[in-house]
Amino acid sequence: DAKTTQPTSMDCAEGRAANLPCNHSTISGNEYVYWYRQIHSQGPQYIIHGLKNNETNEMASLIITEDRKSSTLILPHATLRDTAVYYCIVSPNSGYALNFGKGTSLLVTP
Amino acid sequence: ETGVTQTPRHLVMGMTNKKSLKCEQHLGHNAMYWYKQSAKKPLELMFVYSLEERVENNSVPSRFSPECPNSSHLFLHLHTLQPEDSALYLCASSQELVGGSNYGYTFGSGTRLTVV
Chain A
-6 DAKTTQPTSM DCAEGRAANL PCNHSTISGN EYVYWYRQIH SQGPQYIIHG
44 LKNNETNEMA SLIITEDRKS STLILPHATL RDTAVYYCIV SPNSGYALNF
94 GKGTSLLVTP
Chain B
-13 ETGVTQTPRH LVMGMTNKKS LKCEQHLGHN AMYWYKQSAK KPLELMFVYS
37 LEERVENNSV PSRFSPECPN SSHLFLHLHT LQPEDSALYL CASSQELVGG
87 SNYGYTFGSG TRLTVV
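Order-wise, the sequence lines are chains A and B.
Sequential numbering of the first sequence, starting at -6, is according to the working numbering.
Sequential numbering of the second sequence, starting at -13, is according to the working numbering.
Among the hints, a few may not be true.
To be verified - Some but not every residue of chain A turned toward chain B, in silico, with C-beta under 8 Å:
#	residue
1	CYS5
2	ALA6
3	GLY8
4	ALA10
5	TYR27
6	SER34
7	HIS42
8	LEU91
9	PHE93
To be verified - Computed cross-link-like contacts, DSSO-like style, restricted to lysine-lysine with a CA-CA straight-line distance of at most 30 Å:
#	chain 1	residue 1	chain 2	residue 2
10	A	LYS95	A	LYS(-4)
11	A	LYS95	B	LYS27
12	B	LYS8	B	LYS26
13	A	LYS45	A	LYS62
14	B	LYS4	B	LYS26
15	A	LYS45	A	LYS(-4)
16	A	LYS62	B	LYS27
17	B	LYS8	B	LYS27
18	B	LYS27	B	LYS5
19	A	LYS(-4)	B	LYS5
20	B	LYS26	A	LYS62
21	A	LYS62	A	LYS95
22	A	LYS(-4)	B	LYS26
23	B	LYS26	B	LYS5
24	A	LYS45	A	LYS95
25	B	LYS8	A	LYS95
26	A	LYS62	A	LYS(-4)
27	B	LYS27	B	LYS4
28	A	LYS(-4)	B	LYS27
Keep in mind that the hints were calculated from the coordinates and are not lab data.
Where a beta carbon is used, it is the ideal one built from N, C-alpha and C, also for glycine.
Could you put together the complete structure from these sequences and hints?
Take a look at the structure:
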């Protein structure tokens, strides 16, 4: 399985864009990049996923580099409710389920 | 409400008790999962079911026993647990097993288990 590397923590001012990076240099051609977030003591919430092209939905944008070795999740206007742990996950080339790492703890401050 | 309902939300049990955690989804998903999250640790995959058949068991101790009677329900039966089993137990479902594009997992809110 491709492993991911994320910063342990990040801060962002409310109203600003939060840019969360993820490295996945060993990703295979048919593996997807998924992003989830987990607000304290709740179940993780799906945010977005992509293969090659950049993706956008009502929650966030996902920018994947051309070589697919890294990606960035963008929350365009962070709010206090976006404070959470954000997980970048590469879908397994084999196996049956997503494996969550330690993620990035994002703190949005007033 | 995510569409995946877990009960109970909180559970305190003694080491000699037997209890069960319940997970229910009416999203029409075919795959269901149990994860464990201990304090300040990443989620650990425990069990995976696809169309009511167990397809993965991640070396989980036998004191945890899953059951999937139909595609909408998943149980985790607990017996003779240890204090270190105290954790947040999360259930998730997905349209299909991961391996291609899908819209990801839908998680329940979890059961906070304390073993005393």
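- Message: Just to be careful, I want the Cα atoms of A:LYS45 and A:LYS62 compared with a cutoff of 30 Å; is the pair within it?
- Response: Distance ~10 Å between A:LYS45 and A:LYS62 Cα, so the pair holds.
- With a cut-off of 8 Å on the beta carbons, see whether A:CYS5 makes it to chain B. Status violated, d = 22 Å.
- Has the given pair, B:LYS8 with B:LYS26, been kept, meaning a C-alpha gap of at most 30 Å? Distance ~24 Å between B:LYS8 and B:LYS26 Cα, so the pair holds.
- Once the shortest beta carbon distance from A:GLY8 to chain B is found, is it less than 8 Å? Since the shortest Cβ distance to chain B is 27 Å, the answer is violated.
- Does the alpha-carbon distance linking A:LYS95 and B:LYS27 stay inside the 30 Å limit? holds (7 Å)
- Message: So, as I understand it, the hint says A:ALA6 touches chain B; can you test that by seeing if any CB pair is closer than 8 Å?
- Response: Where the cut-off is 8 Å and the nearest Cβ of chain B is about 26 Å from A:ALA6, the hint is violated.
- Grab the minimum C-beta distance from A:TYR27 to chain B and call the hint holds if it beats 8 Å, violated otherwise. holds (6 Å)
- Task: Sort out whether B:LYS5 lies within 30 Å of B:LYS26, counting only the CA atoms.
- Result: The hint holds at about 25 Å.
- Item | Given pair status - A:LYS95, A:LYS62, alpha carbons within 30 Å | holds (19 Å)
- Message: Check the hint pairing A:LYS62 with B:LYS27 against an upper bound of 30 Å on the C-alpha distance.
- Response: holds (26 Å)
- Task: Sort out whether B:LYS5 lies within 30 Å of A:LYS(-4), counting only the CA atoms.
- Result: violated (36 Å)
- Could you grab the alpha-carbon distance between B:LYS27 and B:LYS5 and see if it respects the 30 Å cut-off? Answer holds: B:LYS27 to B:LYS5 is near 24 Å, not above 30 Å.
The structure does not agree with the numbered hints 1, 2, 3, 4, 19 stated previously, though it agrees with the rest.
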